[in-house]
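Going line by line, the protein sequences match chains S and U. The numbering used here puts the first residue of the first sequence at 869, with every later residue one more than the last. The numbering used here puts the first residue of the second sequence at 378, with every later residue one more than the last.
FYI, nobody ran anything at the bench for these hints, they're computed from the structure. Please note: incorrect hints may appear among the correct ones.
[Stated by the list, open to error] Ranges of calculated distance between the beta carbons of each label pair, as one might list FRET restraints:
hint, chain 1, residue 1, chain 2, residue 2, range
1, S, A951, U, G516, 14 to 24 Å
2, U, P448, S, G915, 56 to 66 Å
3, S, P921, U, R449, 17 to 27 Å
4, U, Q604, S, P921, 31 to 41 Å
5, U, D413, S, E932, 53 to 63 Å
6, U, R562, S, A951, 18 to 28 Å
7, U, Q388, S, V922, 26 to 36 Å
8, S, L918, U, G680, 26 to 36 Å
9, S, N942, U, A650, 10 to 20 Å
10, U, D392, S, L918, 27 to 37 Å
11, U, N550, S, N919, 30 to 40 Å
We put the CB at the ideal spot given by N, CA and C, even for glycine.
Spelled out from the first residue to the last, the chains are:
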Amino acid sequence: MKTGKLFVALNIALSALPLFAKQAATTTTQTDESAALNQASFKSMEGSWLNMPVSCKARGFFAEPTTLLNEVANLEAQDVFAAFDREAV
Amino acid sequence: MPKLETTKLSQEAIDRLRRELARLPEEATLASSHPDLASQIASLGIWREVGTVNDELARFIFDAESGKPVPREKLKARFVMQGRLFGVEIHCEGHPRLDIRARHFRTLLHPKHSFNDDGTVGQLVIFPEIISEIVRRQGVETVLVRKWGENSIFGGFDPAQGYYQTNFWELENNDALFFSGLVQRRQLAFLGTHDLIAHLAGVNRASWESLSIQGARVHQTIQGYFQSTPKATVASLILPYTAGVVLDDLAQPPTYGSRSHSAVLEELLGALAARRVNPGQKVLMTEFPQEFQSVIELSRAPGAEGSAESIKQTVGKLIGAIHRHSVQFAA
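Let the sequences and hints guide you as you build the complete structure.
Listed below in structure tokens is the structure:
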């Protein structure tokens, strides 16, 4: 790991330490510590996350617009529409 | 021809929908068990996204005359009703003849309300209940997903922000576990434009035979990975998240059965099963590994399945980066 990144990481870790100390004074649980570390991690990761291409992240449609020639009609779907239309009339 | 009427959802009605969604006992509820609620929530989700950066439909809507994509900001939506059916209509200001360049999507548009006489699309009239029935006949059920609805449609939605792209929600909540469970049960959420164009348009029974098996494998592998871990660390969430993104692609009709996706998914599942990132190790992550992008791009590269070594190396680099960007703490 590059020195700069390590420095940033340690700073974040140190800023999270009081949380651990406070928890230790009461009823520290491993889950609380992990949660604090996770929060610090998300804060540290924010910049690199935003730099990720949107197309790679979840909930992206992996397809490009395409000209459709003679797409075959879906008869089953047409039946469904007809049934709902009959109900509405 | 059945009559189409425009309608509105008042803030009070939207609040009622939010409360009804929150009261659903299950995290995923079949739309067919609450058809009116499901239709209104799906319509509201689409309505909110149309014309914004979260609109996944927009880039597939072209002006039929110029052959160019319509300006996103000209896309407008309003609520419509046909009898008791609730839906949403999307039109484009100043562009009366539209061409939808997404396979299978025209099938989901109401045939009597959406098309001009020349076959072009005048407006996109969408009734979620009808679409759910079309999909159901392919053996797939649409569902209302409580936490997704609460965190997107009803969660302080900012149309100027790419909601799904700018926050860690899916990573933090280990959403891949939930999503793979849906795929295993042959269920798809219907809450917005992504679900509509990326997953519901072109649903096909035959493809879901193998897809539901893949969903089950992903679900069981992630579940096993975290079995004895009380709180997942960020580092341990990255491989499951990556597997979830690949599975999301596989659940999109244009990518059904993709061998490259399947091969990369297998490698990811192998890495999880082997615990190559220790889920119990307390770590502080300093960066989101950019190698994630290479894994996703490889899964999308036709023919990638032919190079097992390349897949192994690419996933290996992601794992290496997860370790490199992690500061370890004593257990």
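Here is how each hint holds up against the structure:
no. : hint                        : verdict
1   : S:A951 / U:G516: 14 to 24 Å : holds (19 Å)
2   : U:P448 / S:G915: 56 to 66 Å : violated (31 Å)
3   : S:P921 / U:R449: 17 to 27 Å : holds (19 Å)
4   : U:Q604 / S:P921: 31 to 41 Å : holds (33 Å)
5   : U:D413 / S:E932: 53 to 63 Å : violated (36 Å)
6   : U:R562 / S:A951: 18 to 28 Å : holds (26 Å)
7   : U:Q388 / S:V922: 26 to 36 Å : holds (31 Å)
8   : S:L918 / U:G680: 26 to 36 Å : holds (31 Å)
9   : S:N942 / U:A650: 10 to 20 Å : violated (40 Å)
10  : U:D392 / S:L918: 27 to 37 Å : holds (32 Å)
11  : U:N550 / S:N919: 30 to 40 Å : violated (22 Å)
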